[in-house]
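Starting from two chains that each stand alone, build the complex the way the hints lay out.
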Amino acid sequence: MILVFIEIREGKVKKSSLEVLSEGKRRADELNTEAHAVLVGHGAGGLAPEVFPYGASKVHVLENSLLAHYSASSFSLALVSLVEEIKPEIIFFPATSMGKDLAPRLAAKLGVSLATDCTSTACKDGKLEVVRPIFAGKAFATVSFKSSPQIASLRPNVFPLLEPGAEKGEVVKKEVVIPEDQIKGQVAEIIREEDAEIDVTEADIVVSGGRGMKGPENFDLLRELTAILPHSAVGASRSAVDAEWIDHQHQVGQTGKTVTPNLYMAFGISGAIQHLAGMSSSKCIVAVNKDPEASIFKVADFGIAGDLFKVIPHLKEELKKAISE
Amino acid sequence: MNICVFVKRVPDTEAKIRIDHETNSISEEGINFILSPYDEVAVEEALRLREANGGTVTVVSVGNEEALTTLKKCLAMGADEAVLVKDETPETYDGLRTAKILARAVEKRFPDYSLLLFGKQSVGADNAQIPAMVADLLNLPQVNVVTKLEIDGNKGIAHREIEGALEKVSFSLPAVVSAQKGLNEPRYETLKGIMAAKKKEIPIVTFEDLGLKEEEVTPLLEITKLESPPQRQAGKIIEDEPEEAAKQMVKFLHEEAKII
Chain A
6 MILVFIEIRE GKVKKSSLEV LSEGKRRADE LNTEAHAVLV GHGAGGLAPE VFPYGASKVH
66 VLENSLLAHY SASSFSLALV SLVEEIKPEI IFFPATSMGK DLAPRLAAKL GVSLATDCTS
126 TACKDGKLEV VRPIFAGKAF ATVSFKSSPQ IASLRPNVFP LLEPGAEKGE VVKKEVVIPE
186 DQIKGQVAEI IREEDAEIDV TEADIVVSGG RGMKGPENFD LLRELTAILP HSAVGASRSA
246 VDAEWIDHQH QVGQTGKTVT PNLYMAFGIS GAIQHLAGMS SSKCIVAVNK DPEASIFKVA
306 DFGIAGDLFK VIPHLKEELK KAISE
Chain Y
699 MNICVFVKRV PDTEAKIRID HETNSISEEG INFILSPYDE VAVEEALRLR EANGGTVTVV
759 SVGNEEALTT LKKCLAMGAD EAVLVKDETP ETYDGLRTAK ILARAVEKRF PDYSLLLFGK
819 QSVGADNAQI PAMVADLLNL PQVNVVTKLE IDGNKGIAHR EIEGALEKVS FSLPAVVSAQ
879 KGLNEPRYET LKGIMAAKKK EIPIVTFEDL GLKEEEVTPL LEITKLESPP QRQAGKIIED
939 EPEEAAKQMV KFLHEEAKII
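One line per chain: the protein sequences are A and Y, in this order. Under the working numbering, think of the first position of the first sequence as 6, with each following residue one higher. Under the working numbering, think of the first position of the second sequence as 699, with each following residue one higher.
Just chain Y, with the same shape it has in the complex (with noise of 0.2 angstroms):
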């Protein structure tokens, strides 16, 4: 079974995020890159797949060549191939453009997939619609947020998290689906898979070998601002006997909240 995996480069989640008010964007200097924490859940789950079922894992990134070092990490973890769609338009939360481009590169360049596996979001554009929005360019059945996946044959059943519960779904392959924290506790790369990963060439993709035309990838939202969260004011800290503490806690959520 083949399986595809799309990632994404994105800043550490321990990262302070400053923005560049001339250019509308987050600034990128003195930040650590990771590998988006949920597109790890995909890996992994995709190299299980390949460990019981057989196949290979291809994994794919849009982005600039920076993307490459995401990519190499995928490898090093064992992932067999991983390819480069080059994009060097700077970030633009457009979800629809980001889908057109990975439908378009799934139907020339990897025809013969079983799944398409995704994170459930970036971490930092939280668009979580790019999963969907290729499963429908591609006219295939999706399950998002996924905690349990168990495929047999061309047949698959995967746990998806609601509000309070799980949905069990039922579904057919090929198909999309995209992983929540908790599907799998994602390996770490060996240094076997670091030394390997180094002597892997990474494809490097252009729209035009695509067949994309410019009007395809032209973005259709456009960020007008980009601001820092409002900052909150600290309030009153005390630290007086537990039970007055707690009284006094009371008192502050009841008279001047007003929510008790």
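Next up, chain A with everything else stripped away, as it sits in the complex (with noise of 0.2 angstroms):
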């Protein structure tokens, strides 16, 4: 059985945590096995209903009142308690925040490797195989496991979700027991911007600066862009962070995020090679630099050589017409 970490964030089911499902699904159907979901926290058993339709035959709920807030030690705990109890073949974790920081928690408890991060997976002789990018790009690993279970950690934006169906299963509650001071450290709070943005590693499109932005008030620029695109963030090259132009969250590349949106959109970057290693998995990209000769254009599907500021103002009324359409 093949069994997903599902994550929920302010009591809401994470979209890429569903793509990692539809992904358990396809393995377990080559597998001849089911794929489970597990969801943890104080009432997440409500949630059960969003989970079903992308191919749990049985959703797993962890409940204990220590479980309402997120913290890796005890929800690894909880999460040990369950396997140990369905002894899963395979675990899948999406490769987010929260996955990533809780994933090796439980490989630790269990004894066993951990793939994180990967992007494609597969079924050879029986057993997983998993690719997963390594220099944030510039190779890339096959990776099997000599340990069991085996635990992976999924790139989210990358596998497609199933065609949803049913949202009806079977839901098998859990009371879990966690002593009280076997929890270390626990989140207080929360702290989000005003006017929050999506975060690059989610959003369908990243429209990103870098050098050739000429300062950070240019960056307005790029963030009316994303006003009218939708489900879209505002990236930057190393070189814009470093000069301090817009904060390092925002940074795509090596030292910064690895991301593979829909649509990627660079505005005054050369594509040095760390820029390009983090962007160049995005389904399209397009440029806008006003060297012809620059490396962005070599992984560009459409490219603009000209001045980006007097192109930006038009791509905006015509981002506008197309998506009234």
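Do not rely on the hints blindly, as some may be mistaken.
[Claimed, not checked] The calculated label-pair distances, taken between Cβ atoms and stated as ranges, are:
{"hint": "1", "chain 1": "A", "residue 1": "318", "chain 2": "Y", "residue 2": "935", "range": "19 to 25 angstroms"}
{"hint": "2", "chain 1": "Y", "residue 1": "914", "chain 2": "A", "residue 2": "232", "range": "50 to 56 angstroms"}
{"hint": "3", "chain 1": "A", "residue 1": "86", "chain 2": "Y", "residue 2": "720", "range": "42 to 48 angstroms"}
[Unchecked claim] Below 30 angstroms or equal to it, Euclidean Cα-Cα: the simulated DSBU-like pairs (lysine-lysine) are:
{"hint": "4", "chain 1": "A", "residue 1": "17", "chain 2": "Y", "residue 2": "846"}
{"hint": "5", "chain 1": "Y", "residue 1": "806", "chain 2": "A", "residue 2": "114"}
{"hint": "6", "chain 1": "A", "residue 1": "132", "chain 2": "Y", "residue 2": "923"}
{"hint": "7", "chain 1": "Y", "residue 1": "784", "chain 2": "Y", "residue 2": "770"}
{"hint": "8", "chain 1": "A", "residue 1": "326", "chain 2": "Y", "residue 2": "945"}
{"hint": "9", "chain 1": "A", "residue 1": "151", "chain 2": "Y", "residue 2": "911"}
{"hint": "10", "chain 1": "Y", "residue 1": "934", "chain 2": "A", "residue 2": "303"}
{"hint": "11", "chain 1": "A", "residue 1": "295", "chain 2": "Y", "residue 2": "911"}
{"hint": "12", "chain 1": "A", "residue 1": "295", "chain 2": "Y", "residue 2": "956"}
{"hint": "13", "chain 1": "Y", "residue 1": "949", "chain 2": "A", "residue 2": "288"}
{"hint": "14", "chain 1": "Y", "residue 1": "923", "chain 2": "A", "residue 2": "92"}
{"hint": "15", "chain 1": "A", "residue 1": "321", "chain 2": "Y", "residue 2": "945"}
{"hint": "16", "chain 1": "Y", "residue 1": "945", "chain 2": "A", "residue 2": "219"}
{"hint": "17", "chain 1": "Y", "residue 1": "897", "chain 2": "Y", "residue 2": "806"}
{"hint": "18", "chain 1": "A", "residue 1": "114", "chain 2": "Y", "residue 2": "890"}
To be clear, the hints were calculated from the coordinates, so they are not data collected in a lab. Even glycine gets a Cβ: it sits at the ideal position worked out from N, Cα and C.
This is how it looks when you write it as structure tokens:
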């Protein structure tokens, strides 16, 4: 059986977890087994109907009032008790901030190795085989496991969602015992900016700026584009971040984030090797840069060699028109 | 307050990665190696905490003797001591294996630590799992991907980066913290620091010294294939007037890419 950890944030199931469940279901079918999902948290069971359509035949709900707030230590303890009971062959996590925090803690408890941030999964001779980018995507490693259960976290925005099925299935509730002194570290508060932005790793469209943006004030031009484009976020190259034009959490590339949006728009980005590593897996790339020889054009599906400050105002108008149609 | 910082020697981020298909590994030829950038942030944070609270900063690396250069850099930045755990095994990308080695090194050599600092991931393996694994093996609290850290007595508060927000986490010491870029701006080594580092001896510890048995350090992950990423085909580049160029781009996104 394949067990998929479903992440809940602020009472909602994260889409990236449903992507992982969809992939879990595809592998389960291939291995002639079932995909199960696990929801952890106080009162998490109410979210089971949102999970069933993406391939779970059973949803395990781990409840305890001490699980109301996320902590890697308490969640991993809860998961261990489930894993020991139902003995999955494979466990998938989303490679989100929570998944990357939690999966290694569970793996260490189980004494098994873990493959992080995988971008493809397959079965070979009844065993799992995953591909994970290393060096931020400068190389791809195919990895197999010598320990069981086989645990992997899967990158958001990479695996397609299943066509939703029925909203029904079996819910198995389990009251887990967590000794209070085993909870190490607690989230005291989540700090969200007033006009919270979508994270670049989760956005469908990333609008990025580099050195060619010339200054922090000009990133407003990119924000005007993200205001028009659905589910989009502003990204940046390392040189823009190092110049302190924009915060580090927007940085795309090695020492920043690796992104795989449907569309990556690069403005004034030359395309240094570290940057290309972090965005070359985007499904579609467009670029605007003054220099027709810039490396970014080698990976772009469509490029404009021209002045971004002259192009963006027209682009805004044209995008508005296209979207309203 | 005594702090251990765990560091790794990695290829420069500017390096072009070539694959040696015979050994299924990264070709090291012509590559410049550096202290992993997030580890550098962790070292800096340790030095700042020592400056504020006293104590010592010990830097630990697992690897072959090439890693001595990386440890020397940390000493030159201001670390008090450095230790190399000698490991001649080629890179396995198995985080649990390294975590077991580090946890054992802490138990055996640094029992009186208050804080274990890591980079949030090494630049290269991109595993982002060793800090949490070490925390679990030593039954400690963990806060990963930290952009702000405050220590007061035996309590800590850290800001941890999550998608589109920050989590403020409270914890007690001893603890594991992993550093994200932005936590601080790492200092450059001074000439004085470099000279002092030259004089310091770096002890080399073996698995045997740590009482690690062979089965404990056997990799449980296998790299069956290593490849370069698929090459993207360069698309169309136009040099039209801005208005026409913008029209063409949106037309491409609408009609060909079918995204907008």
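A quick look at each hint next to the structure:
Evaluation of the 19 to 25 angstroms hint for residue 318 of chain A and residue 935 of chain Y yields a pass: the beta carbon distance comes to about 21 angstroms. Residue 914 of chain Y and residue 232 of chain A have their C-beta atoms about 54 angstroms apart, which keeps the hinted 50 to 56 angstroms range intact. In this structure, residue 86 of chain A and residue 720 of chain Y meet the distance hint of 42 to 48 angstroms, their C-beta atoms being roughly 45 angstroms apart. Distance hint between residue 17 of chain A and residue 846 of chain Y is fulfilled; the C-alpha atoms sit about 27 angstroms from each other, no more than 30 angstroms.
For the suggested pair residue 806 of chain Y and residue 114 of chain A, the alpha carbons sit about 21 angstroms apart, so the restraint of at most 30 angstroms is met. Distance hint between residue 132 of chain A and residue 923 of chain Y is fulfilled; the C-alpha atoms sit about 16 angstroms from each other, no more than 30 angstroms. Distance check on the hinted pair: residue 784 of chain Y and residue 770 of chain Y sit about 15 angstroms apart at the alpha-carbon level, within 30 angstroms; holds. Proposed proximity of residue 326 of chain A and residue 945 of chain Y is supported: the alpha carbons are some 10 angstroms apart, at most 30 angstroms.
Straight-line distance between C-alpha atoms of residue 151 of chain A and residue 911 of chain Y comes to about 18 angstroms, which keeps the hinted pair within the 30 angstroms bound. For the given pair, residue 934 of chain Y sits about 10 angstroms from residue 303 of chain A by alpha-carbon distance, which is consistent with the 30 angstroms threshold. Between the alpha carbons of residue 295 of chain A and residue 911 of chain Y the distance comes to roughly 59 angstroms, so the proposed pair goes past 30 angstroms and is violated. For the suggested pair residue 295 of chain A and residue 956 of chain Y, the alpha carbons sit about 26 angstroms apart, so the restraint of at most 30 angstroms is met.
Simply put, residue 949 of chain Y and residue 288 of chain A have alpha-carbon atoms about 17 angstroms apart, close enough for the 30 angstroms limit, and the pair holds. Using a Cα cut-off of 30 angstroms, the hinted pair residue 923 of chain Y and residue 92 of chain A holds, with the two alpha carbons roughly 29 angstroms apart. Straight-line distance between C-alpha atoms of residue 321 of chain A and residue 945 of chain Y comes to about 10 angstroms, which keeps the hinted pair within the 30 angstroms bound. Proximity of residue 945 of chain Y to residue 219 of chain A is assessed by CA-CA distance (about 24 angstroms); at most 30 angstroms being required, the pair is judged to hold.
Of the pairs offered as hints, the one joining residue 897 of chain Y and residue 806 of chain Y holds, with about 25 angstroms between alpha carbons and a cut-off of 30 angstroms not exceeded. Between residue 114 of chain A and residue 890 of chain Y the alpha-carbon distance is near 44 angstroms, which puts this suggested pair outside the 30 angstroms criterion.
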